[in-house]
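One line per chain: the protein sequences are D and L, in this order.
Each residue of the first sequence is one higher than the one before, counting from 847 in my numbering.
Each residue of the second sequence is one higher than the one before, counting from 847 in my numbering.
There may be inaccurate statements among the hints.
Derived lysine-lysine pairs resembling DSSO-like cross-links, with alpha carbons at most 30 Å apart [stated by the list, open to error]: (1) Lys1255/D <-> Lys896/L; (2) Lys1035/D <-> Lys1350/D; (3) Lys1024/L <-> Lys1098/L; (4) Lys1323/L <-> Lys984/L; (5) Lys984/D <-> Lys1323/D; (6) Lys1024/D <-> Lys1059/D; (7) Lys1290/L <-> Lys1035/L; (8) Lys896/D <-> Lys1255/L; (9) Lys1255/L <-> Lys1255/D; (10) Lys1290/D <-> Lys896/L; (11) Lys1331/D <-> Lys1059/D; (12) Lys1035/L <-> Lys1024/L; (13) Lys896/D <-> Lys896/L; (14) Lys1350/L <-> Lys1290/L; (15) Lys1290/D <-> Lys1331/D.
Derived DEER-like restraints, expressed as beta-carbon distance ranges [claimed, not checked]: (16) Asp983/D <-> Glu1289/L: 37 to 45 Å; (17) Leu1326/L <-> Thr1046/D: 49 to 57 Å; (18) Gly1275/D <-> Val1022/L: 18 to 26 Å; (19) Lys1350/L <-> Gly1310/D: 32 to 40 Å; (20) Gly965/D <-> Val1022/L: 53 to 61 Å; (21) Ser1311/D <-> Ala1351/L: 39 to 47 Å.
If you want the ones that stay clear, here's a sample from chain D, every Cβ over 10 Å from chain L, calculated [claimed, not checked]: (22) Asp983; (23) Phe1062; (24) Pro1082; (25) Gly1175; (26) Asn1327.
Hints in this document: simulated from the structure, not taken from any laboratory.
For glycine and all other residues, C-beta sits at the position ideal for the given N, C-alpha and C.
There are 2 protein chains.
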Amino acid sequence: MSARRRKKGAGRQAKLAARLKAPESTAAYIDRNIPYYELLNEEELTLIEKNADTVLEEIGIEFSDFPEAVNLLRKAGANVEGERVRFPRGMCREIIQASAPAEYTQHARNSARNVVIGGDRTVLVPAYGSPFVRDLDKGRRYATIEDFENFVKLAYMSPNLHHSGGTVCEPVDIPVNKRHLDMVFSHIKYSDKPFMGSVTHPERAEDTVNMAKLVFGDAFVEENTVITSLINANSPLTFDATMLGAATVYAKHNQATMISPFLLAGAMSPVTVIGTLTQILAEALAGIAYVQLVRPGAPVIFGTFAAAVSMQSGAPTFGTPEPSLILNGAAALARRLGLPFRSGGGLCASKIPDAQAAYESANTLQASALAGVNFMLHTAGWLEGGLVMGYEKFIMDTDQAGMIATYLKGVDISEDGQAMSALREVGPGSHFLGATHTQANFEKAFYRSNVSDNNSFEQWELEGSMDAAQRANGIWKAMLNDYEKPPLDPAIEESLIDYMARRKAEFPDQEY
Amino acid sequence: MSARRRKKGAGRQAKLAARLKAPESTAAYIDRNIPYYELLNEEELTLIEKNADTVLEEIGIEFSDFPEAVNLLRKAGANVEGERVRFPRGMCREIIQASAPAEYTQHARNSARNVVIGGDRTVLVPAYGSPFVRDLDKGRRYATIEDFENFVKLAYMSPNLHHSGGTVCEPVDIPVNKRHLDMVFSHIKYSDKPFMGSVTHPERAEDTVNMAKLVFGDAFVEENTVITSLINANSPLTFDATMLGAATVYAKHNQATMISPFLLAGAMSPVTVIGTLTQILAEALAGIAYVQLVRPGAPVIFGTFAAAVSMQSGAPTFGTPEPSLILNGAAALARRLGLPFRSGGGLCASKIPDAQAAYESANTLQASALAGVNFMLHTAGWLEGGLVMGYEKFIMDTDQAGMIATYLKGVDISEDGQAMSALREVGPGSHFLGATHTQANFEKAFYRSNVSDNNSFEQWELEGSMDAAQRANGIWKAMLNDYEKPPLDPAIEESLIDYMARRKAEFPDQEY
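Start from the sequences and build out the full structure, keeping to the hints where you can.
This is the structure we're talking about:
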């Protein structure tokens, strides 16, 4: 590639990045205007609900090493043997439907970015939890706090993501028992979108709430939801003390949790769609009922993370049909329960941002959007089964996120949308490019990708024959180069820094 | 990459290709078992139907340079001014619904591969019409008859494609006015799946029918459908003599045509979804009504090819939300009319089989599968807006085609599908890999991709850090290496060769 060509390419990317620079003008979340796609009929959904009640009644759920939960559930009517909790039919559903809100607002420090979670809304959120990052320049490596900050900045700048996420990657250069402080601080400092809290220890959940109080004020936090956090079940049919502890802290403070059965079908659930859905529903019912007993009315999301294992190697696979069927069914079950739903994302097994990554991600993103996911964790950046957060993948996925927003907006049936004037003006054998109606709708017509190259082969070759990953590489660099942080009251920033310093001094570093 | 590693990779690919070798065991087409996804409601669909009738009544359709059509339509009640034909409201629908079949069987020379087109069936078909081919070894180049034969062989071997297609690429090394003979011959010789006919001249359509008669017998062809052919409208609102001529030949012989508005929204149709759907319906109604007048009851498919142009450059774009909305609406309109529907495919603008190609293709493939496409032309191989047929892309897309089949099959709600025995056997905190139910369902559980790498990062690196395109490269080579052609009566092959030789001698070569 000649220097001249390279320069040309860079200029083009800077131009593209500039288009992404001002997130102000975009909607805080997606308001869906097309129907849900529901694969399962009434009979099938009822069967799953009946079977889930049988699982809860006969087999029960293990609440490991967390007597507080076991006691609360016993008092509410469950049958307890040691840590095994069995539920009379309908008990969990009744508890949930008595108090859990169908939707809630998660406040951001910039109120223009508050998100409503539930109902017909969709909130798109970065990927979560990877120990590694990858980019075209430096390849695959352990993530650092610098990477973490970079992804917070990129999510802040993307008009297609509505949320700053949580552990956008693990900053492994910071001690494992202290890094949650830096993560929460980064979300607050480098973004003004809503964020997720730490769940790796009840004390870290308390730290998250305390830091949020420094930003929003004590009273505001107790009365409103400013944190949404991910509580995974330890599938099959188990919740562990760490997750239960964090969930308890958040619920007590009226903060939102998403109770998420996390399963690789075939290993952590049965090899069938209906069997897996039965388990998902049983686990979600039990976990969510517990949260409602801790504090009736605390916001809670019905979560589902489902992939399938390869029956040959035991490796997790993504973007295949069965998990799409599962998440579609789970969305319907959540709606019937009356709760917001979390699932999906740009999931893939591929190690690199190649065609495999894209097919797999697109398959899950499409299925999630049509099923009616309200909170789509892992929308952008996910690689290698979640082990890696990819810079280029992040850019590509946010482009897909923009397409989802356009798709869910549906069609315009106004007189302008009907375009009869255009058909009358143009008529047979001509073209619409110069028509009055086309000119009037020029700006808003058609989703405009910033990653795709739609030019002629010759033009594409002239610009360096770049693949999508190479173009995405230019985009994230240009974005980080152009990043400007949102204003934050210096007194608040100071108080957060003081809090972190004080907490870090209270106990020794822990490396694992 | 060391020689040892390369060998290992090649061995793995040969193993994978072996899995694709025996198409015998797979279904001839997909029988859908999940609901259609319908974006538009009754009110919106009725509005489009009303507006399409207004277009047909007020603006009309141009039937260029083909008096036979104009005369037939005038006799049936249309208002004709020169070549402009205007239709009283409801006229086309009435003609179509009086005689057009809701579904039909296209016979293959191996009856086990007959396909039923229409209703709840989906038939997946290779891409069509590209002058170029591309592979990782030789890059982009003009297609030849050898490439054509290769794609016929690959489609024959793929268990996920149900049809041999038509112009799988243009064999530009054969004179333009004679290559249709070689194409039809290749489909018959190298595959026993059903195929498409030539539409570039009425005489070439006659040649296709004549060659089919040599295979199936004269009487069988007149009474059954053995050819399905693509008739594009010259949008907006125009049909030209070439396409009308070919459609007329096929209809007279009771062979199927798909009448396909072909449009890049913004250039060949309005910039809105509803406006474009109105035009699609008007064009399809007019073209299909004409075919039914030629021979009432001749099988016909409601076709739609819709992409959007970039309003910046005028270039066609693919995999974006608006064309997905359009094809979803068109599928519903075709169902209301009572006709089989063709649209979709693995469409993309990307020049190479990269992430852009995959995101775009997956978006359209998913939208098509859920909308209810019956005949999915362009399922596999499409690159660069249809200018290029890609070897690696073909392999990747056929893998996606397999996923579509699994998805459309839906869920198993039998006792085995419910998997309560597995949940009871395993219980909390254990895993399902060794469970009786898992072992019993081991073979049929979960779609198994032959392109995706789901191994660990370390294993993937050890095997050469290949991307999906590199793996696909190994697969198509192994497949062609293993190809064995299906048996064909030598007398039939001889008669086809004689026919071609005689026809080629009857007129001089034409180079364009």
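Consistency of the hints with the structure:
{"no.": "1", "hint": "Lys1255/D <-> Lys896/L", "result": "holds, 24 Å"}
{"no.": "2", "hint": "Lys1035/D <-> Lys1350/D", "result": "holds, 18 Å"}
{"no.": "3", "hint": "Lys1024/L <-> Lys1098/L", "result": "holds, 23 Å"}
{"no.": "4", "hint": "Lys1323/L <-> Lys984/L", "result": "holds, 13 Å"}
{"no.": "5", "hint": "Lys984/D <-> Lys1323/D", "result": "holds, 13 Å"}
{"no.": "6", "hint": "Lys1024/D <-> Lys1059/D", "result": "holds, 19 Å"}
{"no.": "7", "hint": "Lys1290/L <-> Lys1035/L", "result": "violated, 33 Å"}
{"no.": "8", "hint": "Lys896/D <-> Lys1255/L", "result": "holds, 24 Å"}
{"no.": "9", "hint": "Lys1255/L <-> Lys1255/D", "result": "holds, 29 Å"}
{"no.": "10", "hint": "Lys1290/D <-> Lys896/L", "result": "holds, 26 Å"}
{"no.": "11", "hint": "Lys1331/D <-> Lys1059/D", "result": "holds, 21 Å"}
{"no.": "12", "hint": "Lys1035/L <-> Lys1024/L", "result": "holds, 17 Å"}
{"no.": "13", "hint": "Lys896/D <-> Lys896/L", "result": "violated, 46 Å"}
{"no.": "14", "hint": "Lys1350/L <-> Lys1290/L", "result": "violated, 50 Å"}
{"no.": "15", "hint": "Lys1290/D <-> Lys1331/D", "result": "holds, 29 Å"}
{"no.": "16", "hint": "Asp983/D <-> Glu1289/L: 37 to 45 Å", "result": "holds, 44 Å"}
{"no.": "17", "hint": "Leu1326/L <-> Thr1046/D: 49 to 57 Å", "result": "holds, 52 Å"}
{"no.": "18", "hint": "Gly1275/D <-> Val1022/L: 18 to 26 Å", "result": "holds, 24 Å"}
{"no.": "19", "hint": "Lys1350/L <-> Gly1310/D: 32 to 40 Å", "result": "violated, 44 Å"}
{"no.": "20", "hint": "Gly965/D <-> Val1022/L: 53 to 61 Å", "result": "holds, 58 Å"}
{"no.": "21", "hint": "Ser1311/D <-> Ala1351/L: 39 to 47 Å", "result": "holds, 44 Å"}
{"no.": "22", "hint": "Asp983", "result": "holds, 16 Å"}
{"no.": "23", "hint": "Phe1062", "result": "holds, 36 Å"}
{"no.": "24", "hint": "Pro1082", "result": "violated, 6 Å"}
{"no.": "25", "hint": "Gly1175", "result": "violated, 8 Å"}
{"no.": "26", "hint": "Asn1327", "result": "holds, 23 Å"}
Of the numbered hints given earlier, the model fails hints 7, 13, 14, 19, 24, 25; all others are met.
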